[in-house]
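Take the given structure of chain H and dock chain S to it, following the hints.
Top line first, the protein sequences correspond to chains H and S. Heads up, the first sequence is in the numbering used here, so the first residue is 11 and it goes up one at a time. Heads up, the second sequence is in the numbering used here, so the first residue is 11 and it goes up one at a time.
Just so you know, nobody snuck in bad clues.
Where chains are identical, the list cannot tell them apart; a pair therefore holds if satisfied intra-copy or between any two copies.
In silico DSS-like pairs for lysine-lysine, Cα to Cα no more than 25 Å straight-line:
| no. | residue 1 | residue 2 |
| --- | --- | --- |
| 1 | Lys274 | Lys158 |
| 2 | Lys61 | Lys396 |
| 3 | Lys61 | Lys346 |
| 4 | Lys346 | Lys95 |
| 5 | Lys61 | Lys299 |
Quick caveat, the hints were computed from the structure, so don't treat them as lab data. Just so we're clear, the structure is a prediction, and the values are computed from it rather than from any experiment.
Number of protein chains: 2
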Amino acid sequence: MTVQHIEGGITAPKGFSAAGVKSGIKKDKLDLAIVYSELPARAAMAYTQNKARAAPIEIMMRDHPSELRAFVINSGNANALTGLKGMADAEAMREVAALALKLKPIEVGVASTGVIGRFLPMGVVNAGILQASRELQRGTEADVVVAKAIMTTDTKMKSCAVQTTLKDGTLVTVAGMAKGSGMISPAMRTLHATTLSFVTTDAVLKADPNPRWQQVMDASFNVINVDGDQSTNDISALLANGAAGGAPADDDPAFWEAVTTIAKSLAKAVAIDGEGATKLIEVIVTGAKDDNEARIAARSIVASNLVKAAVFGADPNFGRILAALGNSGADFDISKVRLVLENGKSVVLFENGSPSFAPESTEEGVARAVLHEKRIVVRLELGVGKGTGEAWGCDLSYDYVRINASYTT
Amino acid sequence: MTVQHIEGGITAPKGFSAAGVKSGIKKDKLDLAIVYSELPARAAMAYTQNKARAAPIEIMMRDHPSELRAFVINSGNANALTGLKGMADAEAMREVAALALKLKPIEVGVASTGVIGRFLPMGVVNAGILQASRELQRGTEADVVVAKAIMTTDTKMKSCAVQTTLKDGTLVTVAGMAKGSGMISPAMRTLHATTLSFVTTDAVLKADPNPRWQQVMDASFNVINVDGDQSTNDISALLANGAAGGAPADDDPAFWEAVTTIAKSLAKAVAIDGEGATKLIEVIVTGAKDDNEARIAARSIVASNLVKAAVFGADPNFGRILAALGNSGADFDISKVRLVLENGKSVVLFENGSPSFAPESTEEGVARAVLHEKRIVVRLELGVGKGTGEAWGCDLSYDYVRINASYTT
Numbered sequence: 011m012t013v014q015h016i017e018g019g020i021t022a023p024k025g026f027s028a029a030g031v032k033s034g035i036k037k038d039k040l041d042l043a044i045v046y047s048e049l050p051a052r053a054a055m056a057y058t059q060n061k062a063r064a065a066p067i068e069i070m071m072r073d074h075p076s077e078l079r080a081f082v083i084n085s086g087n088a089n090a091l092t093g094l095k096g097m098a099d100a101e102a103m104r105e106v107a108a109l110a111l112k113l114k115p116i117e118v119g120v121a122s123t124g125v126i127g128r129f130l131p132m133g134v135v136n137a138g139i140l141q142a143s144r145e146l147q148r149g150t151e152a153d154v155v156v157a158k159a160i161m162t163t164d165t166k167m168k169s170c171a172v173q174t175t176l177k178d179g180t181l182v183t184v185a186g187m188a189k190g191s192g193m194i195s196p197a198m199r200t201l202h203a204t205t206l207s208f209v210t211t212d213a214v215l216k217a218d219p220n221p222r223w224q225q226v227m228d229a230s231f232n233v234i235n236v237d238g239d240q241s242t243n244d245i246s247a248l249l250a251n252g253a254a255g256g257a258p259a260d261d262d263p264a265f266w267e268a269v270t271t272i273a274k275s276l277a278k279a280v281a282i283d284g285e286g287a288t289k290l291i292e293v294i295v296t297g298a299k300d301d302n303e304a305r306i307a308a309r310s311i312v313a314s315n316l317v318k319a320a321v322f323g324a325d326p327n328f329g330r331i332l333a334a335l336g337n338s339g340a341d342f343d344i345s346k347v348r349l350v351l352e353n354g355k356s357v358v359l360f361e362n363g364s365p366s367f368a369p370e371s372t373e374e375g376v377a378r379a380v381l382h383e384k385r386i387v388v389r390l391e392l393g394v395g396k397g398t399g400e401a402w403g404c405d406l407s408y409d410y411v412r413i414n415a416s417y418t419t
Numbered sequence: 011m012t013v014q015h016i017e018g019g020i021t022a023p024k025g026f027s028a029a030g031v032k033s034g035i036k037k038d039k040l041d042l043a044i045v046y047s048e049l050p051a052r053a054a055m056a057y058t059q060n061k062a063r064a065a066p067i068e069i070m071m072r073d074h075p076s077e078l079r080a081f082v083i084n085s086g087n088a089n090a091l092t093g094l095k096g097m098a099d100a101e102a103m104r105e106v107a108a109l110a111l112k113l114k115p116i117e118v119g120v121a122s123t124g125v126i127g128r129f130l131p132m133g134v135v136n137a138g139i140l141q142a143s144r145e146l147q148r149g150t151e152a153d154v155v156v157a158k159a160i161m162t163t164d165t166k167m168k169s170c171a172v173q174t175t176l177k178d179g180t181l182v183t184v185a186g187m188a189k190g191s192g193m194i195s196p197a198m199r200t201l202h203a204t205t206l207s208f209v210t211t212d213a214v215l216k217a218d219p220n221p222r223w224q225q226v227m228d229a230s231f232n233v234i235n236v237d238g239d240q241s242t243n244d245i246s247a248l249l250a251n252g253a254a255g256g257a258p259a260d261d262d263p264a265f266w267e268a269v270t271t272i273a274k275s276l277a278k279a280v281a282i283d284g285e286g287a288t289k290l291i292e293v294i295v296t297g298a299k300d301d302n303e304a305r306i307a308a309r310s311i312v313a314s315n316l317v318k319a320a321v322f323g324a325d326p327n328f329g330r331i332l333a334a335l336g337n338s339g340a341d342f343d344i345s346k347v348r349l350v351l352e353n354g355k356s357v358v359l360f361e362n363g364s365p366s367f368a369p370e371s372t373e374e375g376v377a378r379a380v381l382h383e384k385r386i387v388v389r390l391e392l393g394v395g396k397g398t399g400e401a402w403g404c405d406l407s408y409d410y411v412r413i414n415a416s417y418t419t
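Bound-form chain H, shown alone (with noise of 0.2 Å):
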């Protein structure tokens, strides 16, 4: 049941290949990318529960196909509050997709990231469907160029793979790629998801995978907050084509363990790469009512302004963090929370109803050294029972406010 890490991304699997081309919504950048299954692949999806939906999120949830042959993707522009054009564009950009790769439209799946508000540029967008379909391969080359036509402020590109070898001695290969810088606060459920992924996997699958899916997003994407805000336009799609044949990986917790580390690992890079971000904040939360409100808490904590500004600062400021556990609305007995930060050196920042040390302490000196690191674990216990949940998010910089005033601009 181990899970190893490979080179290579979303065309890893057998039976996958992929392309990213520069259609022109963007100026001079990679903007359109195609997925493509040689066999039917089942398919399980998770989308945004934000109530004003993009098209081509209406338009999937609509159909929740649970089969599918490719995924056409575009960035630079959400085709989200377009209205009725908005869903006559994305059925355009599936059937064209359909058209160049001899599928059925039911057989393709769209998804669009960027702008809100703005009508697509159709001419292009076709266009580009077509290149990016007759360019459609194998390998590495084409795992990078599709991982960055997804892209919208990423700074990074969001792409890995794994193999894991099955109970019956399969080998099956894991990949994804992922987008997401702002607008990240992930809610997402099955068949209602942030940020764009796609899990492609060529292990066979014969039940319905949208349950144990729903179980990875929660384990992962969901976990994740840059800002509080869920997007129009998040999907999170599972490609599974069956092309290493062997037994069905259902049960087979080899498998999960693999689909769900691709997803945690492209969820951390997510939120390490918020946009602006310089650090990546991770939470646990133990000792809470139970599990859900052992998550709020955590997701309470990195979702706090005052305490992404306090990381950004590596300022010690700890009574934000309880502040920010005091809303989130959990249950805590404070005579027994116990605060701690931790990135090799650990430092208790409260304990036994009290902050630990004093301004200007050894101990301060400790916290602050903590807060300087690049990755920050921030422990918290909160005494009345055995939920345990965690969140990841990154801190509030200068950056963040200066790529988001002008966005459209």
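Relative to the frame of chain H, chain S by itself:
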């Protein structure tokens, strides 16, 4: 039923005096305040709903006095998350003030604001209380020093006064002061309040003013949001000492209009003085399923970092406003949603399910011009009912990050 703005602040109503001193909690700045009433004042009180409550809030919620003679308030230290020693310190502040003013401790309210998780320097605090109790006076000078003594990161003092004539001809004065810049997301409940605010009046009240005070809170402080972080220390107090004489004002609309005018004025002053704020954002939602959903939608928009950063950058990225609406959970009919920006000029951003104008159009220029104003009104019709609600906030600037990246240092 006209409410007249007058010069002056917290001591403008008859029978109130005040003082503010530099006790030494802060370095050479006003940090300790007393408000005193010659007569017993009927009290209404609203407190933060954050579960991590500061020691003075714990004490006030426990005793929830119906009558008060004085309030002792310090800034520079929140006395929050300070355990049993913090409780003892808050009790001591009240006892020392009572001793100095010849009152019972239960007749004195106590409040703190500032850094969380540090113990109060009780030596200087006690000396400051004694000094302030000797320096109580009425008039503009006292109004200014006391309002300054409760400030933390506030850049402006928040103080105002009005007069109105009751049905029986009695002229009553209502005045207030407030502090608050960061950690502002109040959701105050009487007997469960953000920001410190104190409203004094010489009107006679006979009935319990708490239910009416809740209504005033819901129309004023509970409408504002600077950063979504509800404080550990919020308290909002009304003190009515009856010194104006005349008939009880309990059911006099003119009186409550005057109180609401003061509370709204203070709340807007807090919003526009939000940490790093350059602009006031007022969101007015109409056509919601009910008033509660309208308030939730308005608050979700004014709390969105993406909306706030776009307003800072004067970027007419209206999709973020509708994305925030979608996240709020409030019901809407996208085909009937109408989004308008106003400030003298008015421009429709979205209606009939689609954006109202193309990028780089004349209308976009007007939208950009509106967003360059200091006060921006966002009007949003949801098209599903008759509910209305408002929220007031501010933009997200580089200075918000600067201020909060080094608050304790």
